[in-house]
Every structure is written in structure tokens, then in C-alpha cells.
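**Q** Chain by chain, the residues:
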Amino acid sequence: MDKRPFFNADELGRRQFMVNAARSYLGVSVAPMLGASLAGTSFGQTAGDSNKAEHVIFLNMGGGMSHLDTFDTKPRNKDVQGPIESIGTNGDFQISQYLPGTAKVADKMCVINSMTSKQGAHSQGQYLLHRSYAPRGTIVHPAIGAWVVRMKGRKNTTLPGFVTANTSPGVSSPGFFGAEFGGVPLGRPGEGLKNSTRAGSVTEGDFKKRLAIADALNKTFAEKYQTPAVKAYDSLYEEAVTLMNSKDLQAFDIKKEPSKMKSAYGKHRFGQGCLLARRLVEAGVRFVEVSYGGWDTHYDNFTAVENKSKVLDKAFSTLVADLDKRGLLDKTLVVIGTEFGRTPKIVTEHSNGRDHHPSCFSTVMAGGGVKGGIKYGETDKNGARVSKNPVTIQDFNATIAYALGIDHAQVVSSPSGRPFRMAGADAELGKPITEIFGS
Amino acid sequence: MMKSKLLCTLAFSCLLAPLTAQQKQSKTSHAALKKAAYNVDKFVAEIFRRKKLAVPEVVDDPTFLRRSFLVAAGRIPTLEEAAAFLEIEEADKREMLTKYLLNSDGYRSHMQNYVFDLLRAKDRSGRGEGAFTAPYLNFIQESVTNNIGWDKFAHKLISAKGVAWDPGNGAVGYYIRDKGMPLDNLSITMQIFTGEKLECAQCHDSPTNQWERMDFFELAAFTHGQREINDRIWQRTVRHINDPDFRRSEIGPIMYWLRDNIHYGTLADAGDGRIKLPSDYQYKDGDPGEMIGGKTHFGKRIRSSSRRNSGKSREEFATWMTKNNPNFDYVIVNRMWERVMGSPITSPVDEYVKPEKTLNPGLTRYLVRLMKELDYDLKAFQNVLFLTRTFQFAANPKAFGAGVPQAFNGRQLERMSAEQMWDSLVTLVSGKPDQLAKRKFSNHIYWNNKPVLVGQKTMADIAKEVLAIKEPEKYRQYAENLLAQFKTGGGSSSNSDMMMMASKTRPGPAKGIARASELAAPAPAGHFLREFGQSDRNLIGAETKEANMAQILQIMNGHVEKMVVANKGASVYDALKKGTTEADKTRYIYYAILNRPPSDFEMNMLMRDVIDGSRESYQNLVSALIQTHEFMFVQ
Chain A
1 MDKRPFFNAD
11 ELGRRQFMVN
21 AARSYLGVSV
31 APMLGASLAG
41 TSFGQTAGDS
51 NKAEHVIFLN
61 MGGGMSHLDT
71 FDTKPRNKDV
81 QGPIESIGTN
91 GDFQISQYLP
101 GTAKVADKMC
111 VINSMTSKQG
121 AHSQGQYLLH
131 RSYAPRGTIV
141 HPAIGAWVVR
151 MKGRKNTTLP
161 GFVTANTSPG
171 VSSPGFFGAE
181 FGGVPLGRPG
191 EGLKNSTRAG
201 SVTEGDFKKR
211 LAIADALNKT
221 FAEKYQTPAV
231 KAYDSLYEEA
241 VTLMNSKDLQ
251 AFDIKKEPSK
261 MKSAYGKHRF
271 GQGCLLARRL
281 VEAGVRFVEV
291 SYGGWDTHYD
301 NFTAVENKSK
311 VLDKAFSTLV
321 ADLDKRGLLD
331 KTLVVIGTEF
341 GRTPKIVTEH
351 SNGRDHHPSC
361 FSTVMAGGGV
371 KGGIKYGETD
381 KNGARVSKNP
391 VTIQDFNATI
401 AYALGIDHAQ
411 VVSSPSGRPF
421 RMAGADAELG
431 KPITEIFGS
Chain B
440 MMKSKLLCTL
450 AFSCLLAPLT
460 AQQKQSKTSH
470 AALKKAAYNV
480 DKFVAEIFRR
490 KKLAVPEVVD
500 DPTFLRRSFL
510 VAAGRIPTLE
520 EAAAFLEIEE
530 ADKREMLTKY
540 LLNSDGYRSH
550 MQNYVFDLLR
560 AKDRSGRGEG
570 AFTAPYLNFI
580 QESVTNNIGW
590 DKFAHKLISA
600 KGVAWDPGNG
610 AVGYYIRDKG
620 MPLDNLSITM
630 QIFTGEKLEC
640 AQCHDSPTNQ
650 WERMDFFELA
660 AFTHGQREIN
670 DRIWQRTVRH
680 INDPDFRRSE
690 IGPIMYWLRD
700 NIHYGTLADA
710 GDGRIKLPSD
720 YQYKDGDPGE
730 MIGGKTHFGK
740 RIRSSSRRNS
750 GKSREEFATW
760 MTKNNPNFDY
770 VIVNRMWERV
780 MGSPITSPVD
790 EYVKPEKTLN
800 PGLTRYLVRL
810 MKELDYDLKA
820 FQNVLFLTRT
830 FQFAANPKAF
840 GAGVPQAFNG
850 RQLERMSAEQ
860 MWDSLVTLVS
870 GKPDQLAKRK
880 FSNHIYWNNK
890 PVLVGQKTMA
900 DIAKEVLAIK
910 EPEKYRQYAE
920 NLLAQFKTGG
930 GSSSNSDMMM
940 MASKTRPGPA
950 KGIARASELA
960 APAPAGHFLR
970 EFGQSDRNLI
980 GAETKEANMA
990 QILQIMNGHV
1000 EKMVVANKGA
1010 SVYDALKKGT
1020 TEADKTRYIY
1030 YAILNRPPSD
1040 FEMNMLMRDV
1050 IDGSRESYQN
1060 LVSALIQTHE
1070 FMFVQ
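So the protein lines, in turn, are chains A and B.
Position 106 of the first sequence, counting from 1, maps to 106 under my numbering, and the rest follow consecutively.
Position 331 of the second sequence, counting from 1, maps to 770 under my numbering, and the rest follow consecutively.
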């Protein structure tokens, strides 16, 4: 019996195993590869004169934050306003009484009161907010965070470019860009990046060996199935190993912060998420999303908005002040976004609830070269319609791009050759609000 | 010998009973289902014939084994199950396996995850930490366990009214889940059950489909009227409930408790059948505030009056939706096809398409007819699909451009769902995954986290008493008496550990090893399940199979390491007792994890470079096999 074919296969196997083993080992052999494939992919930057931002902290108010009860109060119209009072700020606008901390950093932020959208359902609205496109059955559009990493590249190549806290993985997924541009989801900010160190039960030698065996065993499968989903896992393994070796891993650990700082941000998941976001930005992470859901106040709007505003207020105002104090605010764009606003009509049979209202709503931008103390756009006296300077979600995302010096209209094609842009499709392509930038 | 081993492992005794029972019901007898499967295959073969393409090969035994387990029971087979199936040669062993799986509790668990996702069912939702959700989730669980026809199940949800705590009335939770947003609830109903997307038309004429805002409100009229029972009396009683002094008073907490645990879970009306157009109604066919009646626009045409409250319009609407409604029938057929074959007949799965617009209209019509003939018995319908040759087609590695769409061209490679991943790991740990502890339902009363009045009163009793009160002043008196009873009739809180992940009224596994369906719904943020893409159950379709970094860290350093690899008692290590030589042990580890024997190439490499007989070398193998793509993806 001729044993040579088997022998050859065996030899090939041995060689392959050794190569794979080397490739999977921790350290130098992996990092340069990542440097080439991920960090170096930036393109499409424009030369705007106000592109100061290098990072984004995106605070996602899931559920549809009531504009009337937060950033677009109507103190003269009690019928639509309900019981919430307005307070003055150190900027050129008033806000809700439940945002007193925010009132003190208003000079560093711009409120956009003229947001408008046609998506009145949560999932479509959140999808649009995150991706500038309406959902389609045939493709998943990349999230804005993934766009930023793709267009700007990574700043710290040993850390992920995009991290999310309190956010369901599906909301901020990288879509057709692939997993290397996706957000790393953190369930509980206080726990940091879980499992980022080798388990105590495994020696370094065994850890390497396992990676090498898996790599060798993956070959046959990977040859048969060349799908993006399979490749995504390959690239993530490499990235995970790099991350585990990163000297900046402690950026994820908010336990390193003094307890005073933790209290200042608010000892709830959102506040701690904002604190974590600051640490990550400090360490060079491009885009951090922190979500705070529960704004869907159909039922008992005023009690809910009061409670939610207090949490938002403490975290947001501390974040802005903290970034400012550290000299990071200029290069960090902090954004408060939501999928839509809520109706001026107060629904008494639902214990004074408010329903969805995409026609107009409010968002906030601070830092990153944005002028402070101003508001942009207006709504009518009922807070029902935009009366001046309408801003679509696509415009909003184009403005984020502009702050970072990214060309919002740059086309990136999907693997099947379809063209997509950070600020939406041709017909709805957003325009940046350039007026809000400058000193 | 081998055959008897298989029969024993596959719990033959469980199989015989349903077989005998089925023989009597000719529609679901094995022969009838097999014949239907043959008919489905004929239609699929026609697609390939028309395109002049060869019908795909069928998969080998190991692939069939793993695919069937994951698709039917949501987990990989245990070592015993894998060995039993792989080591016998029986002509009908694939059919036997299908029966085994569909009769297992794994089927119930996996199907329950599916329905929970579809209905966005959560342990905690709305007021009172979601106290009403226990009867609701229990209703869904029981309906899946008892394989209630999909039409009856949907009818019960849509026509529900009354008190969530009344025995058997948990379906009312369907509306209470979305309290305060009845219009969104209607959009969701239309999407999940009839495949029509009306969420745009909620605010304006839809730019993307034919639905106008008037159409939306005409449908909304049927489900309108979702007040709580005795809401006026309640409002009068607690007008001052938001007053901080009242909140702090002795009576305050019990009043809140009654609001959150009893009132919140009630639905007084059975549907007004009419609704006012909203104040921003902007089209010429109606005025803001105008009262309009109900009207359907597809299926059978039904109407309700704008002049008086119907008092039963949800019942009529439910019947319209579920009886002789082509939309309803096609959507559930499309869903089940996707579930078994991996891709829907038409995509997206929840969009109605007329049979003539589908690839093989004959097949679509046949499947719809079959669904109706089987009385919407989803287990029997899936059984037909599992028995087809189409289910056994080998995956076409070309995801696109394969000539015949994915839905008919072999299950396409996809990552396991979060629940399949978790349940497969649970299988590697426990060895008896279908016999682990389950969530239960309790209508005990919990006050300050302690059971009270045990054996004396249930939540249903309290609901009955509270809702019988017609005067505000008596209400207060009742609350005071109840508080006194709670104080004297207290219980222990010894169960508190068990309640960590489960709510009190759905007691069950709190920690340790349990199927995903038995853990909190959904699992808390940061849990393995959530990192692998379990739905947060806030939005439809929020589940995802996309890769992310947290998953890799879980596999290398997290749960996989702690729960399986480093766990000496994990059942995957039974392989070491079962095998006598190193090669044998290695083969059984392969059976347990990848459910196939290793190839010669793999065995040689492992024997040469990895396995040295030490425990560590086997741990390395177990860890590496779980890290492979082959483990994580369903072929």
C-alpha cells in the first residue's frame, strides 16, 4: 500500500500546524497584521475648518425622549407642557427643571430643537438613527460607530475602535462592514470588559496551544465555507488576542476611578457607562455609545420623565464638565440622540402619557468644535411641528461626520457592490449643520 | 445490540405512545406526514428541474444528526445520543430521530424561545416588576407545551379580556405588555400575524406600501378600548397617589401594590369597534376627532359601527384574522419553513406575499393547505418538513448565485443562535439537558419579597375581591384589612436565593445550569446569552447572530472555560471513561462536541501533537473544539 499521499498530508498538516501555531501566539506576530488591516483603513476625510473632534460619545435615549419635557419646553403653553417647569441656563435657552446640572454646562452645548423624522416606530426609528437608512431585508447597514472607525481608522490600535455599553448588540452592529468595525458590547459598565484576561485555570502555554489547535482544525471548514460570518470570527480571534495583551486594557476598569468620581456621574448603569466612556476616549477609543432606554412614556409620562431626566442630567453634565476639565472636550463630540419625540397631547386615560411624535424632537451636541450656549432650529408654540431649520436624522449624522472631518457623502460599497454613505441614500443624503461649529 | 441501545437512548417508550395515538388521527399519522413530506419534495424537485439543475445531495449522518438536534431541539446531542445514532445502521434511523426530537422537552424549550422572541415576552414589563407577566408567560409556555394550534393561540391573544390572574386567562398579557400604546400593539399584531407593515400608516399614508392612515385607524377601531377594570373607581380612590406623603403613609405601599399587581393586569373591555381619528389627522377622508368604525381591507371584509361601542370587536377581529385569512396562513407557513429550512420562502419572513408571486406557487398553495388540514398544529407541520429530503440537502457553500434560492437549496451555513449556543454548552455540562429544572408558575402572594397567606389566598382570590369593590371608601378599608392579613400571615423568605434570576411568580432555576428558556426572559444585560445576541425583547427581530468581541472573550476565558472546560464534572469528560485508548477517548470527545468522528488527518495530528494522555491535553482539545467554527455554525 502506497503510504505517500497520507505521509504528505501528514507532513503538510504538521507544517500547517506550526505556522498556525506561530500565527495564533500572543504578541508581535499578530499586531502588525492588525495594524495593516484595521488601523490603516482610514480614508474619505474632508478638510473642514472646524473638524476638531477625534472621538464621539453617543448617548442613545432609547424609546423616544420627550422633547417637551427636556430640551424644548413650552413654559407659556401649559396645555401641552403639563406640570414640568422651565429653568434658565447659562446658555441662550431654557430647559426642564429636572436638568439643573445640564443648565450649568449649557454654555458648552448646542440644543437642536428642529429634529424631524418619518419613522414613528421604535425599531425603524432606532435603526435610522444609528445607520442613516431605513431597514431593508437584503442588507444590514453599518452603524455610525462602525462608519467612524472605518473612515477615521483606530487611534489606539490595541483597543477596539468602537465600544457600546447598555446597548443590545443588534442595535449597533457593523452590518456589511464586518465584525472588526463592530462595537464591543459591555453589558454592565461596572464589570468592564469581562473575560479579557486569561482564566486562572489555564497556563499561558495551554492558552496558546488551544488557539493553535483550533486554528489548525478550522482550515478544512474555512476552505469549504468562505462566508463573511466565518471570516468575522477569524479576525475577531486575532483582535481579541491583541486586546488581551494591550497595556491600555485598564481603560475598561472604572474601579480605578475614585469613588467621588463614580458618585458624581451617578451610581446607575447609565452614569457609570458615561464614566467608562470618558476613560475609553482618554485611552484612544474612537466611538463609545452608552444607551439609556425607557423613554417610551406612553403611560404616566411625567413621573417617568422626571426620574429619567435626573439620571441623564447627573451623568451628562458631569461628563461634559469632566471632559472639559481634562482638556478632552474639544476633541470629543458628545451627542444625545433619540429616535423621535413625544406628542404635545397628554393622554389622560393613560395616566397622562405621551405617544410617539416623529414630526419634531430634540437632540444635543457638545464639544468637538460645537459652539456652546446656543440652540438650533425651532418648533411651533405647541411643540408639534418644526417651524425653523428642520434637521433630519441624516443631517444629524452628517453633522457628526463633519465634526470628525469625515466626508459624509463618501461612498463605500457593500460586498455585493451596492453604494452606501454615512449620511444616507442619495435622495435623503444629509447635510451637516455647519453653523453650529466655531468658537 | 446496537439497535436496542439506540432505542433505549432515544427513549423508545416515549415514541411508541405518540405513534399509537397518532395512528388514530389519520391527519397526523406518521404515514400521512411522510406522504405530505414526499409531496413537498416533489414540488421542490420541480424547481430544480425547471432550472435544469441537479437536486442537491443529502447530508451524511453526522451532519443530519447535528442539524436535526439544533433545529428541532435547540441544542447539540449528548455524547450518548450521538454515539447511539452514529453507531447503528438502521434504514429508518433518521425518521426515528425526528420523532425522538419532536417529542422531547428540547422541542418545547426551543419553540418557546421562538414564541417569546416573537411576542417580546419579558419577565419584567410595565408596573410592579411585571407581576402580570407571570400568568402571561405561563400561558405561552403551556400553549407551546400542549402544542395548541397557532390559530387558536393567536385568537386567544387577540380576543383576550379580563384578569391576568384568573386561571387560564394569561393571554390578556398580550395587550397589557403594550399598555399605553395600543396603536403600536396593533402594528405589531399586523406584522407578526398577518405580514402587513402598518407602522408608517400610524402617522401618515405610507410611502413604501399601499397603507393609508385611514386604513390604520379602521383596523385600530377593532382593538380599541383597553381600559382597566374599575378604572374610574380606582382613580377616585387614589387621586392623591402621587403625593409623597401618601406614598410614605402606612396605607400607601399596599395601594401601590394593588395598582401594580392587580389593576395593571386587567382589561375591562372586549373591544369598542370604533375609535376617534387623532387630533393631527391630515387627510381629506376624515376630520380630526371624528369617530370612525372598524373595517378590514384584506381577507374577509368585516365592519363595525361608529355609532356605538361593539363590546365584542376584538373577538370578531381575532376570528377575522385567524379564520380563512390568506395572510395569516402564509405568514405562519413562511415562518415554519424558515425555522426548519433555514431561509423563508420569501423574505422578509413577516411580509405577506401572494402564492403566485412565490417561486413555486404550487408548493406555496400546498403548504398553506397542509397547514390548514393539520389544524395549525405547528409540531406536525414541522414534522412534515423534517421528514423531507429537502431538509436533508447539503448546504450550498455559495450563499448567493447558486441558481436556486437558499430556501430550497440546502440549509445555509449560519451561526447558532444565542440560545442554541448556550443550550449546547449546557449539554456538554449536564448530559441530560432536557431533564434540568424548569420555570414554573406560582400564584402565591408575595409581600415585601416574602410569600404570605400561603394556602389561604392566591393572587386570583385577591383580584376577585379587589375587583368586586364598587365604592372608593370600601376600597381603602379593604386595603387596610389586607395589610393586616399580610402582616399576620407572613411566610419565610428561604427561597430568596432561588429567585435571583427568576421572578417570584415564575419560580425556577436561578443559577447554575439550565436551558435558556428557563432563565430570566430575557437574560440580564452582560449575560452570555445577551452577548451572543439574544433579543432584548423590546423590539421584534432584535435577536442577532452577528459576531462581536465579547463572544470571543467568553469562549476563550469566560463561561466556556469555567462552565465546561475546567469543570471536571462536565459530561463531556464522560468520553474519557467511555474510551479505553487515547484514540477512543479522542473520538468520543469529538462525538460529544462536533458530533462526528475525527478525520484521519485530525486524529493523526491530535495523537502526534496534542494528546499525551494527561487531563490538560484533553482540556486543551475540548477548549479548541469549542473554539472551532464547526462548533459555532450550523451546517
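Just to be clear, a hint being listed does not mean it is correct.
[Claimed, not checked] Derived PhoX-like pairs: lysine-lysine, alpha-carbon spacing no greater than 25 Å straight-line:
no.: 1; chain 1: A; residue 1: LYS194; chain 2: B; residue 2: LYS1007
no.: 2; chain 1: A; residue 1: LYS345; chain 2: B; residue 2: LYS1007
no.: 3; chain 1: B; residue 1: LYS1007; chain 2: A; residue 2: LYS118
[Stated by the list, open to error] Residues of chain A clear of chain B, computed beta-carbon distances all greater than 12 Å:
no.: 4; residue: ARG136
no.: 5; residue: ILE213
no.: 6; residue: GLN250
no.: 7; residue: HIS350
If you're looking for bench data, these hints aren't it; they were derived computationally from the structure.
Note that beta-carbon positions come from the ideal geometry of N, C-alpha and C, so glycine has one too.
**Q** A separate judgement is required for each hint: does it hold in the structure or not?
**A** Outcome of the hint check:
1. LYS194/A <-> LYS1007/B: 23 Å, holds
2. LYS345/A <-> LYS1007/B: Given pair LYS345/A, LYS1007/B is violated - Cα atoms ~62 Å apart, limit 25 Å.
3. LYS1007/B <-> LYS118/A: 56 Å, violated
4. ARG136: 9 Å, violated
5. ILE213: 4 Å, violated
6. GLN250: Non-interface label on GLN250/A holds, nearest chain B Cβ at 16 Å vs cutoff 12 Å.
7. HIS350: 4 Å, violated
When each numbered hint is compared with the structure, violations occur for hints 2, 3, 4, 5, 7.
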